[in-house]
Amino acid sequence: MAENAKLTSAEQIVIKFTGDSGDGMQLIGNQLTALAALDGNDVNSLPDYPAEIRAPAGTVAGISGFQMCLGDHKIYTAGDAPDVLVAFNPAALKHSSKFVKAGGMIITNSDSFTEKSMEKVGYTSNPLEDHSLNGYDVKAIPMFTLVREALAEMELPIAAKDRCKNFFTMGVLCWLFNKDKQLVLDFIQEKFGPKAKKPLLKVAQANTLAFKAGLNYGETAIMFQERYDLGAAQIEKGLYRNITGNDAAALAIAAAGEKAGLQSFIGSYPITPATDLLHYASEMKDVNLVTMQMEDEIAGICSAVGAACAGDLAFTTTSGPGLALKTEAAGMALILEVPLVIVNVQRGGPCTGLPTKTEQSDLLQAMFGRNGDSYMPIIAANSPADCFDATYQAAKIALKYRTPVIVLTDGYIGQGSCPWKVPKMAELEDLRPYVNFWVPEAHPGEKYVSYKRDPETLARDWAIPGTKGCQHRIGTLEKDINGAVSHDPMVHQQMTEFRKAKVDNLAKVLPDVEVNGKTSNKVLVISWGGTYGAVKGAVDRMIDDGKPVSGINLRWVWPFPANLGEVISQFDKVLVPELNMGQLSLLLRAKFLVDVESLSKVQGDPFREYEIIDKVNEMLGE
Amino acid sequence: MAENAKLTSAEQIVIKFTGDSGDGMQLIGNQLTALAALDGNDVNSLPDYPAEIRAPAGTVAGISGFQMCLGDHKIYTAGDAPDVLVAFNPAALKHSSKFVKAGGMIITNSDSFTEKSMEKVGYTSNPLEDHSLNGYDVKAIPMFTLVREALAEMELPIAAKDRCKNFFTMGVLCWLFNKDKQLVLDFIQEKFGPKAKKPLLKVAQANTLAFKAGLNYGETAIMFQERYDLGAAQIEKGLYRNITGNDAAALAIAAAGEKAGLQSFIGSYPITPATDLLHYASEMKDVNLVTMQMEDEIAGICSAVGAACAGDLAFTTTSGPGLALKTEAAGMALILEVPLVIVNVQRGGPCTGLPTKTEQSDLLQAMFGRNGDSYMPIIAANSPADCFDATYQAAKIALKYRTPVIVLTDGYIGQGSCPWKVPKMAELEDLRPYVNFWVPEAHPGEKYVSYKRDPETLARDWAIPGTKGCQHRIGTLEKDINGAVSHDPMVHQQMTEFRKAKVDNLAKVLPDVEVNGKTSNKVLVISWGGTYGAVKGAVDRMIDDGKPVSGINLRWVWPFPANLGEVISQFDKVLVPELNMGQLSLLLRAKFLVDVESLSKVQGDPFREYEIIDKVNEMLGE
Amino acid sequence: MADTQLTKKDFASDAEVKWCPGCGDFAIMNAVRSGMVAAGKPRDEVAIVSGIGCSSRFPYYMETYGFHTIHGRAAAIASGLKVANPKLDVWVISGDGDSTAIGGNHFMHVVRRNMNLNYVLINNKIYGLTKGQYSPTSEMGQISKSSPYGVIDYPMTPAKVAISLGGTFVARGIDKKMKLNEEICVRGAMHNGLSFMEIFANCVIYNDGAHDKLVNKEDGADYHIILKHGEKMIFGATSQYCLVQDGFGIKAVRIDKADEADILVHDEKNAEMAAILAGMRPDNGLPIAFGILYADDRKKTYNDMVYEQVDAVKEKRGRSIDDIMQSGHTWTV
Amino acid sequence: MADTQLTKKDFASDAEVKWCPGCGDFAIMNAVRSGMVAAGKPRDEVAIVSGIGCSSRFPYYMETYGFHTIHGRAAAIASGLKVANPKLDVWVISGDGDSTAIGGNHFMHVVRRNMNLNYVLINNKIYGLTKGQYSPTSEMGQISKSSPYGVIDYPMTPAKVAISLGGTFVARGIDKKMKLNEEICVRGAMHNGLSFMEIFANCVIYNDGAHDKLVNKEDGADYHIILKHGEKMIFGATSQYCLVQDGFGIKAVRIDKADEADILVHDEKNAEMAAILAGMRPDNGLPIAFGILYADDRKKTYNDMVYEQVDAVKEKRGRSIDDIMQSGHTWTV
Ligand SMILES: Cc1ncc(C[n+]2csc(CCOP(=O)(O)OP(=O)(O)O)c2C)c(N)n1
Ligand SMILES: Cc1ncc(C[n+]2csc(CCOP(=O)(O)OP(=O)(O)O)c2C)c(N)n1
Ligand code: SF4
Ligand code: SF4
Ligand SMILES: [Mg+2]
Ligand SMILES: [Mg+2]
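Chains as they are written, first to last, in the UniProt record's numbering: chain A, 1 to 622; chain B, 1 to 622; chain C, 1 to 333; chain D, 1 to 333.
These are calculated hints, taken from the structure and not from any lab test. Glycine residues also receive a C-beta, built at the ideal position from the N, C-alpha and C atoms. Certain hints may be false.
Unchecked claim - Some chain A residues judged to face chain D by a derived CB distance under 8 Å, without partners named:
#1 Tyr269
#2 Leu278
#3 Asp296
#4 Pro321
#5 Thr352
With the rest of the complex left out, here is chain A (with noise of 0.2 Å):
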C-alpha cells in the first residue's frame, strides 16, 4: 500500500511534460505552477513546441513540451534534466526519455501504447515492457481505462473523457508532491464552476472526478514508493500570478502609458514569437492602449513613430527577420529624436530560421543594424516576470532621452512563465516628469527651438502638433538646432556627436552591475537576457560548492554600466554564455579589451545550469 510511500524531502524537483501538440501540455505546466506556487514553491518553466505547421499527432516532430522546476528556494531556470517525465504518448515517449535524469521517473500513458502508435514512431517493440528502460522508475498508468472508469456515470463523448486524463495526471502529482489538493479542486470551480466566466458544469464535475481519480490512484497503487515534500520558499510577500514575457511586456505598455499621463500606442505586425504580445495587448483598449495591426514591419514602426510625433507613448513589437525590416525606420525615429519602444522578441536565425526556437543572436542587428552612425539604447528582460520591468524602463529612458530603445526579449522568456509578484498601479514610478513636452505656457518670451537640447540629458525640446504657435518641421535630413536642412560639416559632425554622447550619457545614470560572488574570484560570468537564470543557479551552485567564481548580469546592454570595467578589470577571466556565436563577447571585448571567453550554443534551447558549470571547470582547470 503506497499509503506508506516514504516522504522525501527535497530542495527543487525538474517536472517535464511531453505529449501531441493538441494535448494541453502547456496547459498542465501552468496548473502545476500555479499549484506549487499557491504552495509557496518558486517556480520556473519553459515550454517547447514544435515549428508553427500543426504537424500529425503521434509524431516526434509533432512533440510539444513544458518543462519546469519547483523548488524551496529562488529559483533561476527550469531546470537541467529532469527528476520527473510525464509522457503521453510513444512519440513524447521517444522524444523525451533521453532526458530524464539517471535513475529519474517516467510516468506515462500506457493506454496509448498501441501497435500502430509505436509502429508510427519507430519502435518495434514496447518499450514499456522490452527493458529499454531500465535504469527509469517507469510509471505505465491505464490513464484512458481508470479515467473512464472513473467518469462511468456521465454522459460525455469517450474523446471528451479521455482530454480529463490531464486533471488525472494532476491528481496523481499532487498526491506525489504531497500538494493541497484544495486547491485543484477551487481552481477547477473557477475555471469551470457555475462562477467562471464560460461556466462549463460537466467538464467542471468531469475534471473534478478525474483528478481525484488521480489523487486516488497515488494513494492506494502499489507503483509509487516515494513521495516529494518541497519546502516554501522564501518569497516576498504579495499578490502573484503566472505571466508570460509577452504578457508582462504587453501590461508594461498600458501601465507606462498610464503613469506618463499618455496614450499608448502599439503599431506591429504580427511574427512569431513576439505574437502574443499584439493579442494581448488588443485587449487593452478599456486602459487607452490603441494597437493598429497594419499591413508589414515597416508600417508597424512607422505608424509607430507617427503616434510618437503625436505625443503618444509608442511602442513596436516584433522578432528578429522583423526588427531587419524596421531597421530604416529606426533610424528615423533616432534622428527626428522622438521616443520609441522596440520590443524585439528574439527567435532562431538567420533570416526566418527557426522561428519557435528561443537565440539571442539579434543583438548587434539592435546596435549596428541601422545605416550610419546610429546608437540606441538597449535593455534586455532577464526572465517572463522581467519583461514588465524592462519595457517599463525602456518608455521611461525613451521619453526622458527622446529615443528609441530597444528591449530584447527572447522565445524564451517571452512564451515561458514564471510567477510575477503583481504591481500596484499607484507604486509603480510616475513617468510624467520625462514627457516634458515643450509648452509656451511654460517658457514665457521664448521661442520654441526644436533641437534645443537639455544640458544633462541632451534630450531635444519637443512640442507635438497641436500646441499652440509651436509648429515647426523636422525631418530625416541632418538638420541644424532649429530643425532647418543642413549640408554644413560641422553641423554634421556635432549632431552626430550629440546622438552618440545621449546615449552613452545613460550610463551614468544607470545602476552599477552588481556581483554576485566576491571580486576576489577568479572567473567572472556574464549573464544578459535569458542566459540569466542558468548563470545566476550555476553560480549560486559553485559558489555554494566553494568555488572561486562570481557572476554579473547586463540588463542594459547598451550603454554598459559605468562600473562594468572595473569590475571586469577584476577576475583573471570572464566567460560569455550567449545563445549566439558570440555576440556580447565581441562588443565586451571591443570596449574593454579583455580576452573574453564565449560559451556560444545556437540549438534553440537555453543554457541548462550544468552546461555553465561544465565550462567554468574548465576554465578553473578542474
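Here the structure of chain A is known, so what remains is to put chains B, C and D with the ligands in place on it, guided by the hints.
For chains B, C and D with the ligands alone, kept in the frame of chain A given last:
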C-alpha cells in the same frame, strides 16, 4: 607681357572649381582631368555638389564644386588646400575662398560680380576690390565680355555664348599649366564635331573660339606672372580612361558575367549616390546584362536573389537606407547559400542623413545588420578605379563560396573619378571554374544533395532549375543537408557553424596585407575603402620625412587577412582614420584586443592628408 | 491667429522654396494652402507628413507642423499620427515614386482603411529628386536615365487603383489648372475619410512636357475632360466631344453624332463609373478625367472606428490596469 | 520522365504534408498539380516560389524546383527568376497575408508588369501560420486573436485590385470546388502573362467556416455564381437568380422577373465587366463570382519585352564589353 611668365616646375597642383549647380563644374573638371592625364600626369578628383534639390542659382547653398590634384607622381587624393581656385561667381567665391592655400591663386569671372549677385550672398562690398582677398593671387577675368567678344560673329543666343566661359577657362588653364592645346581642340571636335554621336557644329565652333580666346588671354594678359609645369608621372603603359567608381562597378558587373559564362542581372531601386551605377548598367543591354528597376529596395534584392537562384550572376546596388531595407533578404541569400553581390555606395547617415555627402558609416550595418548570426564577406573599394576590381573579386568569391558578398564604396569614390587603365576582357581571370553548377552528367551514379559541401570552401553543391532530374526544395528555415526543414538542435548548431566557417575560411586565400613602410615603425595607420588615398599620401609623405610611420590598406574588411594580427602586433600604436565614429576600430579592437586609436570624421567630406599627418604627429608626441 | 480667418499666405513658412523655377510643385502647394484655409483649422492643428522626393520637401515651406520622413512611408506614419490625435488636420504629400513605387503598400492600405487624411500625390511620372529615373506611372517607352532604351513596364493608374480599394474620395488635377486644383484641395480637405488627390505636375528638368499633350493651347482640350457633379460630360476645344456609355465602359463620340439623352452626366457617388473614368487615357481614344471623380463620405473612417471600439470596450469592460494586472489566476504569498 | 506524359502524382514529392487535416490547402495543391500537368513542362523545368505562411509550405510537397523564401516577397523573387530563365514554368504560391499585407507592393507590381507567372493566392482570410490574426482580406467585425473586439479595417478584394492594375488573367476559386479549381489552374498555367488565381480556402483551426455561407449545401448556391465564358449569368440553388446590368454596375434579380435578353452573358475579355464581377459580395446583395473573371493574352509580357529590348539593342549597338570599356575619352600612356 605674360609671354615671359616664369615656368615653375611643380610636383603637384591642386585645383578647385566652384560654380552654380547648373554651371557644369563636373564637366570642366573631367575635361581638365583628361587633358592632364593625356599629358601623362596622374590625377585624382573629388566632386562636391549640394543636396539634390536644385538650390536657386547664385546662392552659397547651390554651389557645386570639383577639386582635383594633378601630379608628376602617383596621386592618391584630390589634395588638401587648393593652389588654384576657379570660382565662377560671387556665391562660389564666398563658398570656397576660405579653402585656398595661403598665397594661392583665385580665378573668377568678374562679370558675374553684379550688385545683385553680391548682395544675394551677403557681400556688402566687392571682394575683388575691397582687399578682403589680400594674400591671394586674385585673377578677376571679365569672362562674359571676353567670350562674347570672341563670339561676336556667331549667331547664338547670349546665354549660349556665356556657357562657353567654361572652354574659355579651359584655355586659360591650358596655358597656365602648359598643356598641349591640340588635345582640347581634338576633344571639342570629338564631342561636338561632325563625327560626334550628336554633332552640334555651332557649339563646336563656339567652344573652339572661346577656348582659343582663353589661351590668348593667358598668353597676353599681364595678369599671370607664373606658369606651372608638371612633369609626366611614371604610369603603367596602357589604354586609359577617366572613370567614376559607379561606372567602374557597372563595367565589372558586365565583365564578371561574361567571364563566368552567365548572364549578369541587377535588381535595383534608385538611390543617391548609387544611381549612376544603375544608369550605366541599363545602357549595357547588348552585353548580356539585364537590369530590373524594381518597385523598392526589397524587390530589388529579391529579384536578384530570384535571378541568382535561376543561375544568373546577380547583383543589387544601393546606398545606406536601401541596405537597411535589404537586410532580411540578404539573410535569405545567406541561408539559401546562393551567390549575390550587394554593392553599397555609402552616404552620410543615419536615416536619410546626407544623401549627397560621403561617409563610411555602413560598415557595421554591412557586418551585423541582419537578424541571427549571419556572416558575409565584405570588400571595400579604395578608389574609383578599384571599384572595378573590388566588384569583380566580389563576384568571384560569391560564386566560389555560394554566398552573398557586400562591396562597400562611398559617395566619394562612387561619384568621383580617376584615370583607369582599361583592362582587356581576355586578360581578366576566368570565372567559369567557380560557377560549377551541379549537373548529373558530372556525377554519374550520384544523387544530388543540396547542402552537401565542398570540403575546402564549404560551398554547397548547387543545381539550378532546369537541370535534368535535379528538382529539389530549399528554403529560409533551418535545414538539413538535404534542404529539408529541420528543428534538430544539432543541425542548427552545425549549420550556423558552417555558415560562419565558410566566411572565416576565406581569410586563408586572401592576399596578405602589405605594409607601406617598415614593420619596425612606431605607428601603423590602417586605411579601408575611401580613406586609402589620404592615408597612402600622408604615410608616403611622412616616410619621406623620415617619420616612423607605416600604413596598410584593408581591401577585404571581413574576414580580415590572415596576417593582419601579426602585422598589427608589431607596432606600438595603431591609428584608424574613418569617416564614421570608429566602426572598423571596433572590429579591430574586438578581434585583436589592441587599443587602436580612432580618428573619426563625419563631415560629409573625405580626409585630407594633413589631418592624418597632424594626428600621427600627435601620436608620435610631436 | 487661430481666431481670425487665415489666408493662404499665413500657411507659407519662412523657408526659401528650393524647387526648380517652373516646377509644377509650386502650383500644387498653392492649391493645398487653399485647402487648409477651407478646412479652417489653425496652423498649429495642421500636420503635414511627407516622404522623400522633390515633392516631399513640401512641409518645410508650410507654416504648420511638418514631418519630412522617409521614402515611401508617409501614409503609414500619418496613419499613426492621425490615430494618436484625430483632432489634427493631417495631410500627406508624396510623389509618384514615393507613393506608387516604394510606398505602394502603404498607399494601398491607407486607402483601404479610409483613414481620414488628405493625401496629395504629386505625379510627375518621374523620380525627380534622384535625377530622372522612370516611375511606376511613367509611360511605356519613356526614355529616362534608367530606361535608356525605353520603359517596358505598363504604367499604373493610381486613381483607378484607389477606387478598386474602396477609396471614398478620388480626384485628379494638373499643375496648370490652378482653379481646379484649389477646388479639389478644398473639397478634399473637407471630406471625412481618405481624400486621394492625384495632381499631375511638370518636372521641368527630368520629364519636361510630360503632360503637355493634355493642356497645350492648341488641342489639349481634346485630350482631357473636367468632370463636374451633375453636369454632362462634354469636352474638346470646341466642346465637340462627349462621353457616352458603351456596355460597362465609356466611349467618346462627336457631340453632333450623339443622342443628347445618351450623354453621360457625372455623378460623384457612382463608384463603378468613377473606376471607368479614372482609367480613361488618350491612347484608348478617351480623355484624361480631371476633377472629383468620386466622393462619398458615408463610409466610416478608420480613426473614428478606433475610438468607437475603444468607447465600446470601456463601456462594456471598463477595467483599470490594476484590474487587468490582478486578473487571471492569482495567489497571495 | 520528361518524354512521357506526366500525371498529377508525378508532381508529389516524398515529403510528408504537414497541413492540418481538413485544411483547404490540400485541395488547392491538387488543382495546381493539374495545372502543371496541363502546362506540359517536365518537372525539372518547373519552379515554385512561395513566401511564408501555412500555404507557403507548398513547394516542399511538390516534385519540382522549390523555393520557400521570405514573407511577402515571392512575387519579386519569382520575377527575377523568370527574367533570368524565361523557359521555366514559374508558380508563385502565397497566402492572403503574404500577398496582400506584407507582400502587397510586390503583388501590385508583378500584376502591373504582366510577368508571365502563375500566381496562386490562397485566401483563408486569416494568418494561419502565426496562429490566427486577421488579414487584409478578413471581414469587418471578424474576431481574431489580434482583433478580439472585431476587425475595423475594410477588407480588400485582391481580384478587383488585380484588374485595376491591368491584370491579364484573373480567376477565383474555392477549395471545395475541386473541378473548378482545376479548370482555373489549367487555364492559368496555359495563359501567357500573369495568371492571378485567388482560391478561397478554409483554415479549419483559425477561421473555420469562413466561406461556408458560399458553399453550404442548403443555400450556398444563392451566394455565388460560377462564370463561364459565353454563358448566361444564372445562379441560385434552383437557378432562380440572374445578373443584369444596372448602370455601370450589376444587380441580381429573380430570373422570373427578368427579361431574358437582359441577362448578362459572361465575356472573359471584358475588363470593365470583370472589375464589377470581381467586386460583387453577398453583403451588397450580389453573389461572389467564381471562375475565370478575365482572360486576355494580347498584352505582351514583361519577360518577353526584356528580351525584345535586349535583342533590339544587340542589333542596333551590338558592342562587346571591350568596346564599352574602351569607349569614351581614352588615352594611351
Ligand atoms: C529607402 C530609400 N530609397 C531610395 C531613396 C532615393 N529616392 C529619394 S526620392 C526618390 C524618388 C522620388 O520620386 P518621386 O516620389 O516621384 O518624387 P519627385 O522627386 O518626383 O517629386 C528616390 C528613389 C531614398 N531616399 N530612400
Ligand atoms: C518578415 C516577417 N514578418 C512576419 C512573419 C510572420 N508570419 C509568417 S506567415 C504570416 C502570415 C501568414 O498568413 P497567410 O499569408 O495568409 O498564410 P496562411 O498561413 O494563412 O496560409 C506571418 C505574419 C514572418 N515570417 N516574417
Ligand atoms: S527636379 Fe523636377 S520635380 Fe524636382 S524640383 Fe526640379 S522640376 Fe521639380
Ligand atoms: S492552421 Fe489553418 S491554414 Fe494552417 S495548416 Fe492548419 S488549417 Fe491550414
Ligand atoms: Mg515624381
Ligand atoms: Mg491566410
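Among the hints numbered above, which are violated by the structure, and what are their numbers in rising order? Hints that this structure does not satisfy do not exist here, as all of them hold.
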